[in-house]
Amino acid sequence: MIFSLLDELLIFSAATVLVALILGRGLAVGWMVTILYGGQLLVLLKMAALGYGGNPIASELSLSVMGQDLSWRFDALSWFFALITLVAALLTSWFSCGEWERKFKQQGGNVWLFHLAMALNVFTMLILLASGDLLSLFIGWELVSWAGFLLMAVAGGVATNAAIRYITYAVVGGMSIFGGIALVYAAAGSLQYEAILIAVEKMSTGQLWMLVLLFGSGFGIKMGLLPFHLWQAAAYAETPGPGSAFLGAISSRMGLFAILLVLVKLFGIVNIDSLKIPFTLIDARDLLAWIAVFTIIFPTYTALKQNDARYLLAWHGIGQGGYMLLGLVTANSLGAAGGLLHVLNYAACQAALLMAVFAVMHRTGAADLNKLGGLVTRMPLSFLVLLTGIIGLAGLPPMNGFVSKWLVYRSLLEDGMPLLFLGTIIGTLGTILSVYKLIHNMFLGQLRVEHEHVREAPWSMMTPMLILAGVIFVTGLLPGIPLTWVAAALQTIGLTGPEITLGGIESSSGSLDMIWVIGVLFAGFGIGAVIFYSAGPSKRVHQLDNYAGGHFLTADVRYQYSDNFYSGLMHLIRGWYRGSFQWLENSITSLVEFLSLGMQGIYRRANSEFYLLSTALFIIAWVVF
Amino acid sequence: MIPGVTLELILYTTALGLVIIGLAGVVLSSHLFRMVLALVIAEAGANLMLVLSGYRWDAVAPILLQRAEQPTMVDPVPQAMVLTAIVIGVGIQALAVSILIRIRQRYGNLKRRDVAEKMDAEIAASAGIRRDISQDAPLGERPLSPLPAHTAESRGGDA
Amino acid sequence: MNNLVLTIALPLLGAFLLPVLMRLSQAIGLWLGPIILGYGCWLLGNLWFSDISLPLSIAIGGFDAPYGINLYLDSLALLFAFAVQLLGLICWPYALNQDTARRQALMLLLVASSTGLALSGDLFNLYVFYELAAVATFGLVAASTTSAAYAATFRYLILSGIGSVLTLLGIALIYSHTGTLNLAHLAQLAPELLHDRLGMTAYLLILIGIGVKAELFPVNAWVPEIYATASSRLSGFLAGLLSKLALLIILRLLVLIFDQPEAVQIVLVLGILGVISGEFAAWRAKDMRRMLGFSSIGQLGIIFIALSLPDERGLLALLALSLHHLVIKTGLFMLADGWGGSLERLTGAAKRSPVGAALFTLFALSLVGVPPLPGFWAKFTLITELAAQSEPLYLIGLLVFLLATVIETSYLFRIVAKLYSSAETTTNQPEHQNMPGLSLATASLFAITLLAATVLIAPIGDGLQAVAAEAKNAELYIQTVIPATPGGQL
Amino acid sequence: MRNLTGLLFAGGLGFMLLAIASGIDFGSPPMRIGEAIQSASPQEVGAANIVTSVVLGYRGIDTLGELAILFAAASAAGVVLGRRHTTTGTQRKGGFVLFHGGALIFPFLLTIGFYIIFHGHLTPGGGFQGGVILAAAFFLPLLARPGARLHHSILSVIEAFAGASFILIGLAALAEGQAFLQPMLNQDTLGSLISAGTLPLLYIAVGLKVGAELASLLSNLAQTESEQ
Amino acid sequence: MSEVELWIALILGIMMLSSAVLALVVKNHLAAVAAASVVSLGLALLFALMRAPDVAMTEAAVGAGLSSLILALALRRLGLWQIDSGRENSNLLSASSKGKDDA
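Residue numbers (our numbering), protein chains in the order written: chain D, 1 to 625; chain U, 626 to 784; chain V, 785 to 1274; chain E, 1275 to 1502; chain W, 1503 to 1605.
If we strip away everything but chain D, and leave its shape as in the complex, we get (with noise of 0.2 angstroms):
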């Protein structure tokens, strides 16, 4: 047999949690572990005729289990996909490696565990990106599922709580997803894309929507996605550290990967648009569009009151997804393009920023916004990533968030959508805000006397994250590389990508060049900087020469305003926080204690001889009447 090279991919990765596996309680695990995936990443990058559009890789290996024929292949959308699994996998687990791993066994974690479990993450991601048609891609997802159980339930403790929490939810999802599965075997008699396809167009409106809201909720819960958020915060929070930016980078993105494949290419977009509700003017797509913004608002401000930057990170994320679908179920060529690119630029920023906030605690022992500040003169270069990280996240040039977000806005307003376009500036705001306050609790202000003698991160862990940087830096500079490989993988669902140059995109409505933003842009600095140092000297102060209130203090009573940050806009906006959702969530769960309490009843009563009787009187009374 001779290996295709995604199977080469596959073996490699499947390798990677083999040697993990065995040799994860000896030294330097974590090294061998990163060169492994290095070797995915070239394996990967071998295949880079893909992202420009190059014939889908077939894997060797095709079973027949059960009559059912399970195959795997990779083709762009997979391939891009891919490429940020991997990329996020090794920069993540080389930050892992040395200091972090050393501290991270001194406070009693599995290093052995961690690592087992980040490189089973990336061999189900992998089989799942290449699953060949609908079986492959369920056995994928349940795997990723699992696998992401694993690395969550890690660190033990409130960490368990939340992976039981992710993987009920994960589970109800993939059940809704099994269901789906099930009727549309029952509709085209197979699981293959081309029967389904065909399939498709022979569906009732009923069975459409039954399909659509299955599959809909069962990869939405993966994303994130409006009522099924609660899970992920806390779950992608309390992971360990690099754990927590691989997860938090790339993990419910293959709940939007899954939705393309199905929603978008098989389904069709046309055929969810011509899904109305009864009685509106919405259909099922604009159904998502709604559901994408709201996911782009409510977490969004929850992030805002967050006070552990673990947890802020990790609520505003869930709210980034909403851009990414938002911008494909426009399905025009520019939010498309904006969306999938977000997905690249999400997780460079995502795991930059988690990076740095790791950085941080791996320092000062501390997440909690509230007790930190200050930082930015005792790890400078981590500052430097978490505003690189901020400024990209929250969509403004020159970073690559500027791209993707300018794209999503840019169909918005051209496909005539002006309420959606202004939940995404409502959603934008609530981003600036909220990395705001995480930037300044944590690097501005004062530095707390505890973190005095603190040091910059080693370089261990700097080196990943200025990669990351850079990344995040170069693919804002020049949007064609990423947009490229994009217009590719849209091509494998049906969807057109924009016109490409090096610097953005060229269209008729407007073309967007960073070359030119980005120098202007510093050209805007230049000027700034000309004037600001020809202004003449400027005072220097310390940093302990307080002065607030018209009160001085004394050096040793710290003034940060952290605590309590933005409560204006938070009196504000208070009563859109009634925690209905969890509400939902606590009034499901009491209901099933109930439930079960009755049928424990049933089988606690002293009289189960009654029970015979009665089935016996009523099923015969069934027969007879």
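I should point out that these hints are in silico values taken from the structure, not numbers from a laboratory.
The calculated lysine-lysine pairs, modelled on DSBU-like cross-linking and capped at a C-alpha distance of 35 angstroms, are:
| # | chain 1 | residue 1 | chain 2 | residue 2 |
| --- | --- | --- | --- | --- |
| 1 | D | K265 | D | K202 |
| 2 | D | K539 | D | K371 |
| 3 | D | K276 | D | K265 |
| 4 | D | K371 | D | K105 |
| 5 | V | K1135 | D | K103 |
| 6 | V | K1256 | D | K202 |
| 7 | D | K103 | D | K371 |
| 8 | V | K1070 | U | K743 |
| 9 | D | K265 | D | K46 |
| 10 | D | K276 | D | K202 |
| 11 | V | K1135 | D | K105 |
| 12 | V | K1135 | V | K1070 |
| 13 | U | K743 | W | K1529 |
Computed footprint of chain U on chain W; a stretch qualifies when at least three of its residues, placed anywhere within it, have a C-beta under 8 angstroms from a C-beta of chain U:
| # | region |
| --- | --- |
| 14 | 1509 to 1521 |
| 15 | 1525 to 1534 |
| 16 | 1540 to 1546 |
| 17 | 1563 to 1575 |
Since we're looking at a predicted model, the values are computed, not measured.
Idealized CB from N, CA, C, for every residue including glycine.
Given chain D's structure and the hints, the job is docking chains U, V, E and W onto it.
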């Protein structure tokens, strides 16, 4: 004799009557010994039903005699089955009363409800479930448990 | 192929002789049972690989069916008969105490009757074996000698006794209407004689009666208390195998005699109720054994749902689910040997028994249906088949099944989390958590089986498909048992 | 309330069963296999009592199963009650009539029991009925003299070998190349004592097994020691 | 079938049903056992009537004889052996009566 009342009608009414009385007895008795009795009665009814299913009113017992001509005989198969069923029944009954003897020794009485409660309590005790928590009390830990206080605080409510 | 009957006769013989032999020489006595069962395994295993064409019918006493009693051996029966002998060997009561001889004799009787249940082709004979299995079970449960075991046994005995009365009544109704008891003969006569209200009533009476053992929904109240009081090995055998054998009888009845939609619908409805009640009750269970008992009710409910599916793929799903549950539940009960107590006590148990915890996790994953494991394929076959039905009731079944999986995950992984939790509770009583080595080894055996099945899923799937096709073929059954009269009346 | 519902349900069930059973033609059963057995039995089995030929021939394995059930029940009762070889002091001594009557009646019962067993293939009765009488014969002295006890070891040997011989007779047929439990030996004249091949042997085994089983059950019940 | 048989069956049937009910409602356990053995005896007679002499013998020996013996022995062991109608409160219709210990 009342017209329409045939031997078969009487017999199967008796059989079903015994089964139903036995069934009702098992369901309604509050004393375990009566449950055994009820079971015995129900089994008797079932046996009668079984014999009845092979009974012919114009036939003789299924025993060959040294005669030239054999008269019609009733179906021997159900009779063989009933033989088996009767012996099975008595075996089960003996087992039931021996268990009863032990229950009586251990639990002190044979009230159905009492025995059920004591059994429940014993199972719980041997499993190490604390008795001060009743079976109906919440488990104290839900699968989607709210996070502990320190994180719940920072996580905050959500929209 | 007459010596197939040895798989029933030898355990019976062994059981009769065991008490005396044990007194003569304990060594011989202790080896007798395992040797007999091992021989049974060998015999049946040989059959599987021999070139004898299945199915075949063996007349006992040389009296051809339908006059005498016949054993019907198709792949399905062979599979289950083999499973009985093997599981009998695995769940053998090795422990020595004053009742060893009696317990081992009872176990042999249980194995003999279970084999009979798998093979017999005569309705009343099935009833006899069913009763034998019941009585042997009572004895084995009561052998725990706790008061709770006595009480539970008694309650089970009464319930099962009432069930047998109803079964007997059903058999009497069938016999009085058809004059025969042979399943194949009945299958021939059924369209003419039994597809009416009376036949249906008889079927329902038998269903309720047999359902007691098969953990059918409302007549399964014995399950939690029996599994909580019996020894784990016995519970494993009962939950894993005996319930399936009772199910097999119902399957034969449905395939051969009562292939009417109403007959199937009842099973479906009761199955759905069983799933709901079992899984919800398990969600709140506070000790391992009762949790497993409730979960087994739920799983059997799912299997009943599969039983109600009309075509061959439905039977395939049924088989896959049954065999999967057999392996998993028995394995879990083996683990309950050490972890039988309160779930609270399991906190941190993974430290003391890492292998046990790993096995539990593996079993839980497969039970939930995580893909590469066999449980997934069983469930996949079931749901695709459920979705293909036009009857809306099946869609409800599908829905309930999916819901049940979520609940199952929730309670199983709550326990997994507890196992791996590092916090020690104050109520911790470590003496209950020493996993007996034998149980652990047995559970590992099941885990290895599971993993092997994961790898070999494709050939196993094909094999099961063939088995299902054979078992679904009523005409083949009739032809095999009563070859002389092709399709005609006797 | 529960009582009322229970009664109503049971009554309803009974009513429905009655209604359904009224559809059956009782009194003239189809006898699809019954008639065939009646006509074939004299040649195939050779017992005058057709019920016997069904019990031991056509449905021989049922009987084996039934013996196994009795054995299981006795063993289970043994497990539950434990086998105590001491007598309890709580039992009152049997009355004069019981004591002497028991002694008188013992051989009489024994004879009747064996007679019924031996003639099982000819006349009504057989292993079960005879076995019960044997059990009664052995149990009566126990009732009469509470101090006496059955020889459990002898009983269990009888129990074991009676059951085993039933199976072994069946297996002998198997070893001959015939089916398990196939009647063997020549049948002789229908209706004479030595006829019907192995059937009388089987019935003796059944009788002894039933007798021993029931006797041990009874003695277990009678001799159980109070745990308190 | 003759008229006589019909009458016998009718009388036996009524007797059996009423003693079956009696066995479940009568207060004295010993009387209940006796009533149950009447049911078995009636059954044996019915079997004889139905041309099933084997079954009739078995039922008489096992059902009426042995089974009653077992139950009676059990009554002794259970401490429920009471010749005179005592203050037992354990029958069918006293489920909700004041829960006296039945020992």
